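Listed below are the residues making up each chain.
2 protein chains.
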Amino acid sequence: MAKEITSRSENYSDWYIDIVKRANLADNSAVRGCMVIKPYGFAIWENIRDQLDKMFKETGHVNAYFPLFIPKSFLSKEAQHVAGFAKECAVVTHHRLMNDPDGGGIIVDPDSKLEEELIVRPTSETIIWDTYRTWINSYRDLPLLINQWANVVRWEMRTRLFLRTTEFLWQEGHTAHATKEEAVEETLKILDIYATFAEEYMAMPVIRGIKTANERFAGAEETYCIEALMQDGKALQAGTSHFLGQNFAKAFDVKFLNENNQQEYVWATSWGVSTRLMGGLIMTHSDDDGLVVPPKLAPTQVVIVPIPKPSPVIDEVVHKIMAALKAKGIRVKYDMDMKNRPGFKFAEHEMHGIPVRLAIGERDLANGQVEVARRDTKEKTQQPLEGIEQYIEDLLVEIQANLFNRAKAMRDQYITKVDNFNDFEEVINRDIPGFISAHWDGTTETEEKIKELTKATIRCIPLDAEAEDGSCVLTGKPSQRRVLFAKAY
Amino acid sequence: MAKEITSRSENYSDWYIDIVKRANLADNSAVRGCMVIKPYGFAIWENIRDQLDKMFKETGHVNAYFPLFIPKSFLSKEAQHVAGFAKECAVVTHHRLMNDPDGGGIIVDPDSKLEEELIVRPTSETIIWDTYRTWINSYRDLPLLINQWANVVRWEMRTRLFLRTTEFLWQEGHTAHATKEEAVEETLKILDIYATFAEEYMAMPVIRGIKTANERFAGAEETYCIEALMQDGKALQAGTSHFLGQNFAKAFDVKFLNENNQQEYVWATSWGVSTRLMGGLIMTHSDDDGLVVPPKLAPTQVVIVPIPKPSPVIDEVVHKIMAALKAKGIRVKYDMDMKNRPGFKFAEHEMHGIPVRLAIGERDLANGQVEVARRDTKEKTQQPLEGIEQYIEDLLVEIQANLFNRAKAMRDQYITKVDNFNDFEEVINRDIPGFISAHWDGTTETEEKIKELTKATIRCIPLDAEAEDGSCVLTGKPSQRRVLFAKAY
Ligand SMILES: [Zn+2]
Ligand SMILES: [Zn+2]
Chain A
1 MAKEITSRSE
11 NYSDWYIDIV
21 KRANLADNSA
31 VRGCMVIKPY
41 GFAIWENIRD
51 QLDKMFKETG
61 HVNAYFPLFI
71 PKSFLSKEAQ
81 HVAGFAKECA
91 VVTHHRLMND
101 PDGGGIIVDP
111 DSKLEEELIV
121 RPTSETIIWD
131 TYRTWINSYR
141 DLPLLINQWA
151 NVVRWEMRTR
161 LFLRTTEFLW
171 QEGHTAHATK
181 EEAVEETLKI
191 LDIYATFAEE
201 YMAMPVIRGI
211 KTANERFAGA
221 EETYCIEALM
231 QDGKALQAGT
241 SHFLGQNFAK
251 AFDVKFLNEN
261 NQQEYVWATS
271 WGVSTRLMGG
281 LIMTHSDDDG
291 LVVPPKLAPT
301 QVVIVPIPKP
311 SPVIDEVVHK
321 IMAALKAKGI
331 RVKYDMDMKN
341 RPGFKFAEHE
351 MHGIPVRLAI
361 GERDLANGQV
371 EVARRDTKEK
381 TQQPLEGIEQ
391 YIEDLLVEIQ
401 ANLFNRAKAM
411 RDQYITKVDN
421 FNDFEEVINR
431 DIPGFISAHW
441 DGTTETEEKI
451 KELTKATIRC
461 IPLDAEAEDG
471 SCVLTGKPSQ
481 RRVLFAKAY
Chain B
1 MAKEITSRSE
11 NYSDWYIDIV
21 KRANLADNSA
31 VRGCMVIKPY
41 GFAIWENIRD
51 QLDKMFKETG
61 HVNAYFPLFI
71 PKSFLSKEAQ
81 HVAGFAKECA
91 VVTHHRLMND
101 PDGGGIIVDP
111 DSKLEEELIV
121 RPTSETIIWD
131 TYRTWINSYR
141 DLPLLINQWA
151 NVVRWEMRTR
161 LFLRTTEFLW
171 QEGHTAHATK
181 EEAVEETLKI
191 LDIYATFAEE
201 YMAMPVIRGI
211 KTANERFAGA
221 EETYCIEALM
231 QDGKALQAGT
241 SHFLGQNFAK
251 AFDVKFLNEN
261 NQQEYVWATS
271 WGVSTRLMGG
281 LIMTHSDDDG
291 LVVPPKLAPT
301 QVVIVPIPKP
311 SPVIDEVVHK
321 IMAALKAKGI
331 RVKYDMDMKN
341 RPGFKFAEHE
351 MHGIPVRLAI
361 GERDLANGQV
371 EVARRDTKEK
381 TQQPLEGIEQ
391 YIEDLLVEIQ
401 ANLFNRAKAM
411 RDQYITKVDN
421 FNDFEEVINR
431 DIPGFISAHW
441 DGTTETEEKI
451 KELTKATIRC
461 IPLDAEAEDG
471 SCVLTGKPSQ
481 RRVLFAKAY
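Residue numbers (our numbering), protein chains in the order written: chain A, 1 to 489; chain B, 1 to 489.
Fair warning: there could be bad hints in the mix.
List of simulated lysine-lysine pairs, BS3-like, C-alpha gap at most 30 angstroms [stated by the list, open to error]:
1. B:Lys255 / A:Lys345
2. A:Lys113 / B:Lys113
3. B:Lys21 / B:Lys487
4. B:Lys234 / B:Lys487
Away from chain A, derived, C-beta distances all over 12 angstroms, residues of chain B [what the hints assert, rightly or not]:
5. Tyr12
6. Asn147
7. Lys234
8. Asn261
9. Glu371
Hints listed in this document are in silico derivations from the structure and should not be mistaken for laboratory results.
Computed from a prediction, not measured in an experiment: that's the story for all the values here.
We put the CB at the ideal spot given by N, CA and C, even for glycine.
Only chain A is shown next, with the shape it has when bound in the complex:
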């Protein structure tokens, strides 16, 4: 029953890492900053991936696969991109190992030095647009709506499991269009998929917005994002969708013949979400007893624990319940482990965040009842065995909705309107700072000054921000709408 995890109030960061480890989501590896995603964590990631993949395919996208390596010179081709990505990355310089002639074990063969170094992709715009040049000739080849699921590497100095790791898994969409309008529409369509996924599947409320120039993707004309608020009042950027204009088309000379027989540069978008979503999932719902997984993404939605252990009478009923639940498409497991007692099992399944637990003993059965415990509220009730499958199906829907509503109420509670810098500093230094909605004069200078003074960054200009005359919270200069500030992961 030992729940050896730190409580949130004690230390939120330690609590987070404890959850990741005790719920068997991920582990550190022997390679600095690279994580091992453990089977249970990966099963949740597979559910995230499969649902997103379905949504991409339903909107006409197809998957492909591009090389892991990018020639160093490619990074330099787009002026903004190079500034953003030619930094901390893994550089391949040689292609052979050999036995040290002096007996020092295995060494890098100096004769195998590459003519041009290869970079392990931090993102794939360059190698993909180099490929698109050969695929796109005419407007008939457009649009190109391609996604890839891949690993990428960014050499992070300070890492945290799922939230910031040197290697991570993600999807990156790269689309090519004949017109600006179509590309912008695609950018927004994807933002909508991301927001819908976050809210309906992860039960994580998000704000849709536009990044400031300063926070824009390196090489983009406009970066759209979804931003979520974690329980500790820090923001998490959960997905980004970039309108790239013709920047990459120009850098890689990708033109097409339009319907009027004229050469034009192609318009582009790119967009991605990553294993970082796992971090968002954990920090939106989990509690001091462990992980909480929304039913739609839970590898196991219902676990059945026999009280005190399996018996022929219990097993028979359990198998009927399981068949009825499976027929409804519900993912259910029977915990037949003979070694541990129910209390231990309860704690373990709570730690893993299984949405619903049934406890079934012979005495309950004699009364035609079972005990149903929900993970979100930890409420336990006795329910009639008769019709239990319908009760559970409804309960899973209710838990999914409750998790979203609870997270949204918390998020909404922590959006604070602030109109002067004293208040700004007071709010941002609270235990749970949340989002600050404030006026900003629109300059990068002010944005950076505020960050320097408070560690808060502009998370986004919300898409639904209403026009409102005001004055910048720092400089007092005029502003037409509020933006959202927060400390962020």
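Using the hints provided, position chain B with the ligands relative to the given structure of chain A.
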């Protein structure tokens, strides 16, 4: 209608590359030896992957994800493994790029040299067993049945799309067991999954066998394999399953407490198939008109072409047929393209290997008929519109079976028993050499001598090889069973 592909008889290698490119399966990239898998090729790979993944999960395996990078020193820990894998590989030596202070663009920051070089995984036994050490303590933690879908890199000098590329996609299973018997059983269970998948889904007949010591995986006690025969009479190793004994457990000090409370080293297996299967698929079934995809793996199983182009009358019937086919789970597309003529479309869909094509014109409809063309035999028949969905469902089953039977007849025809070296040389130098079934004295020396003289290698000792006294085809020394030789991809 231009079918600008080389014929098989003209040049089999060129034909292969033409198919890969013209059927939109894959492309070369700007990075030497790394391929781009195009959307159509990737859709086939997704079908391969999803089916295998299902079979792994049905047999109790789970997915996880381990780091891309392996510390150089890890490769040296297992004596055989290092000899096999510390060779041609991508070596990461630095972690930062910077602007050349002398204005020479982006250069590698010399200050970012890693203390220990990282190798881009050529296979993951070492990093995984380093992790397993922390996961395994007692017999209760066993078995561990883990698989990962990943990219790997082996710095190949001569590459060919899908068959041998520097980067490729694969799955690698890595299991840990308490007993030798259980590990051997796992090795064979996976071999069985691979063989079943190859024959029932890819329609590619395979021979199950054991590799000779010389061809064994570096670090394995025994390597099992499935071997297929391509149309040009060369063999393709399509999957391998390794019994690793306690080699990696010893190298990475992975012990467990057994039921008698004693420390023991863990027993291991590893197994994998890769995007190389795409090459096998192509070279088993395709012809001079293009790709042939078995129905079970075809992204589109049925394409409907309106004759000569879409019309309200045709569209209405097509939509009824499509609904009926989709209700049966059949993947169907309507080619509504207005720009190209039917003949062009027919050739394109043949190039892409779509198993069944329906051609529907208003005149046919008036007669209550449609034209059905099957890709495997290129046979065309008129079929009644009434009940067409059942006809097509049966036809897809028939095509799947026909492809397998045709490939198996070809394969069986090209297994030649040979009892002296003159005959061996004659057979191996035929246009279509195929497998040679011959006696071998069991020594690596003879195996290598035969390879030197003929380019043929021992593909495997078939699992069903019967005991038979004979004498080695090269040395005349005694032998107890025949083995299979072939030239191989
Ligand atoms: Zn559990
Ligand atoms: Zn086609």
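Results of checking the hints against the structure:
no., hint, in the structure
1, B:Lys255 / A:Lys345, "26 angstroms, holds"
2, A:Lys113 / B:Lys113, "15 angstroms, holds"
3, B:Lys21 / B:Lys487, "25 angstroms, holds"
4, B:Lys234 / B:Lys487, "5 angstroms, holds"
5, Tyr12, "25 angstroms, holds"
6, Asn147, "9 angstroms, violated"
7, Lys234, "26 angstroms, holds"
8, Asn261, "16 angstroms, holds"
9, Glu371, "27 angstroms, holds"
Against the hints set out earlier in the document, a violation occurs for number 6 only.
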